[in-house]
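> These are the residues of each chain, in order.
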Amino acid sequence: MNDPIRSGLAGGWRHLDASLLTRNLTTLEADVVIVGSGAGGGVTADLLSAAGLRVVLVEEGPLRSSADFKMREADAYPELYQESAARKTSDKAINILQGRCVGGSTTVNWTSSFRTPPEVFDYWQRRFGLRQLSSTAMSSWFAVMESKLSVRAWETPPNPNNRVLAAGSEQLGIATGSIRRNVKGCWNLGYCGMGCPTNAKQSMLLTTIPAALARGATLCTRLRAERLRFVGNRISALECLALQADGIRPSGRRVQLRARHFVVAAGAIGSPALLLRSGVPDPQRLLGSRTFLHPVVISAALMPDRVDAYAGAPQSIYSDHFLHQAPIDGPLGFKLEAAPLHPVLYATTLHGFGEAHVRLMREFTHANVLLALLRDGFHPESRGGQVRLGSDGLPVLDYPLGETIWEAARRALLAMAEIQFAAGARWVSPVHEAAPGYTSWPEARKGIAELPLKPFVCRVVSAHVMGGCAMADGAQRGVVDHRGRHFWLENLSVHDGSVFPTSLGVNPQLSIYGLTARNASLLAADLLGRPPPLIP
Amino acid sequence: MNGARRQFVRTGLAGGLLLSFCGWLNAAGARPFAVGEREMLAAIANALLDGALPSEREARRRLVEQTVDAIGTEIAGLALATQKELGELFSLMVLAPGRMIIIGVGKSWRSASVAEVAEFLQSWRTSRLSLLQSAYAALHDLTFGAWYAHPDTWEAIGYPGPPRGYF
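Chains as they are written, first to last, in the working numbering: chain A, 1 to 536; chain B, 1001 to 1167.
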């Protein structure tokens, strides 16, 4: 298997692994410094370098590529994820999966690609004055990125794990759809979450970042963006800490980067944290607030036949039926999807221990798991979480799980159990410390209705962090404008999921790609004194 | 477990107090496991993995030791703040006052039976105190993560491992 990253490096791409630095570095200069190499940073690096701007990308994680991707959880989680895939909210009640490597979460996501739903744009227009953003206005930008990243209908039949969602929903008259995926020549292996070993996934690692590097961009890895220095309303430099090879401890070496413009794309936990550490103006105290997670509750089932949920495209079927049962700001709606199962992910998520746990693990190959992603941030009581700084200056996320969330969680657990039984499950249980597991839908309906829903007792996870540097039509209610430009510092932009003023109700990657393609194009035109792009 | 101690552990008040005390003791941060911590983690693994571990004594002991090593590797990959919190938790569980409350006066982790450790784990799992619930969750995730990351455990659950060939 050819590894295009290793070939590119051999061909002279500029890559600085900061863990190898033996002295401080203060001479790096560029037109634009980009913090983060995920969906936002990758697209920005590509478009700015294509416009002829000199770009430096700063990434806290390591550069890993297909030759390193061995499809083993023991390697993948510590290497490719924030906090070894065990990042948590401050109370430890929600586990957060987030990438931390070149390509960010796009290197480890499950390739599910959805445009931002029209009703979300409508809500942003009404509530945050974002009149420039609509499905129509954004449609060309989504099309550009879909074409660039090969986002297409997935023609291969869904794996048995996804088929449970399709079959059960069909029995109950619940509409489902097929998930489009950003893959090219996918082998249908099922290990997307550990880095694609066949270079099929069109992540930032394989597309925009190589394009930028081929144009002479510089990629710094194992480098933590520490603080933006500003004078008046202009940022002058970014101070960075080099990390040791473990990716955790600072090595003591420092790097200072100078540029005309700075783009922060460190994700919805990292970006507000960097701006908070830097002390940028924030008179309304909006930074880090309204952080959304699509809190996920989980329903496990045992099917009569083998499911082998580790094999095949992780997510190919979805249902938005339960997003459309009430107004968008009513009781929380939820999106249903399947989850791939691998031994560590499944065993750690599954409740219980000892003999009870072993019994379920022995049926690993028959297990189906459905996820309900709760659409937070629209209901007046759903105000999300708050990113703040811990005593070591690193981000901490408080996300209270209130009654509005639990009310939706119960409906979601009921809906998933009913679908799993309708698909033929012989046993279903919410992932919940007090759930005994049920052998029929009537039994589950009664049991789940009475389950105590509380943090820790009911397992809640998240793979989608959004918000914290929200965009709006003015500094009274937003950190950046619709172009991602900061309201107070004139040479600062934010290009990632942190700009969303609510959650999305869909897996976020394509929303970030589309909006960033637009905003990076506007930024390039602005920096070069050219007319803005012709696409609206 | 006698009734009074069970109540003490379950209400968790003592645990909360001790945990803040150990935070002060353990301010130095992450370091290799001490002997007492290894014994404690081995006892926890013995209970959590009961049913997955073989019953033959020597084989079981070897696999438990291997799991404790793997827990150490897992912890080294966590944020420093989390490593410090886990150090505090482990101190609480190992030092005499905490150990006495958890597994009984005069007992060591090495001598605690699987049933005794399981009872303690269950009390934290169902505690009303989120501090103890989160401590249980940490022990659960670390132990099951360490166990099922190892390819030798996959046969028992029918997982064939990642595909091979053509790479």
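Honestly, the hints are just simulated from the structure, not real lab data.
Just so it is clear, the structure is predicted and the values come from calculations on it, not from any experiment.
Ideal Cβ positions, reconstructed from N, Cα and C, are used throughout, including at glycine.
Heads up, a few of these hints could be off.
What the hints assert, rightly or not - Computed Cβ-Cβ distance ranges for the label pairs, DEER-style:
id : chain 1 : residue 1 : chain 2 : residue 2 : range
1  : B       : Arg1128   : A       : Asp473    : 44 to 50 Å
2  : A       : Glu403    : B       : Arg1128   : 16 to 22 Å
3  : A       : Gly177    : B       : Pro1097   : 53 to 59 Å
4  : A       : Asn24     : B       : Pro1032   : 36 to 42 Å
5  : B       : Thr1073   : A       : Pro327    : 44 to 50 Å
What the hints assert, rightly or not - Partial list, computed: chain B residues near chain A (C-beta under 8 Å):
id : residue
6  : Ala1047
7  : Gly1072
8  : Met1100
9  : Ser1111
10 : Ser1113
11 : Arg1125
12 : Ser1134
13 : Phe1144
14 : Tyr1148
15 : Asp1152
16 : Trp1154
17 : Glu1155
18 : Pro1163
19 : Gly1165
> Hold the hint about Ser1113/B up to the distance rule: shortest CB distance to chain A must be less than 8 Å.
Hint violated; Ser1113/B Cβ to chain A Cβ min 13 Å, cut 8 Å.
> Close enough to count: is the Cβ of Trp1154/B nearer than 8 Å to one in chain A?
6 Å, holds
> Checking hints one by one. Is Gly1165/B an interface residue toward chain A, by the C-beta closer than 8 Å rule?
Check failed: Cβ of Gly1165/B comes no nearer than 11 Å to chain A, outside 8 Å.
> Would the hint on Arg1125/B be counted as holding, given a Cβ-Cβ threshold of 8 Å to chain A?
This interface hint holds because 6 Å falls under the 8 Å limit.
> Do the beta carbons of Gly177/A and Pro1097/B sit within 53 to 59 Å of each other?
Distance hint for Gly177/A, Pro1097/B holds at roughly 58 Å.
> Go ahead and decide if the range 44 to 50 Å is satisfied by the Cβ distance of Thr1073/B to Pro327/A.
At 49 Å between Cβs, range holds.
> State, for the Cβ atoms of Glu403/A and Arg1128/B, whether the hinted interval 16 to 22 Å holds or is violated.
Holds, at about 18 Å.
> Taking 8 Å as the limit, does the beta-carbon of Pro1163/B come near enough to a beta-carbon in chain A?
Given a least distance of 6 Å, the restraint on Pro1163/B holds.
> Ala1047/B was flagged as interface toward chain A. Is the shortest Cβ-Cβ separation under 8 Å?
Because about 7 Å separates Ala1047/B from the closest Cβ in chain A, which is inside the 8 Å limit, the hint holds.
> With chain A as the partner, please determine if Ser1134/B meets the hint condition of a C-beta pair closer than 8 Å.
Constraint on Ser1134/B satisfied, holds at 4 Å.
> So, Asp1152/B near chain A? Judge it on the closest CB pair being under 8 Å.
Interface hint status for Asp1152/B: violated (11 Å vs cutoff 8 Å).
> Hint validation: Ser1111/B versus chain A, beta carbon distance must be below 8 Å. Holds or violated?
19 Å, violated
In this structure, the earlier hints numbered 4, 7, 8, 9, 10, 15, 17 and 19 are contradicted, and the remaining ones agree with it.
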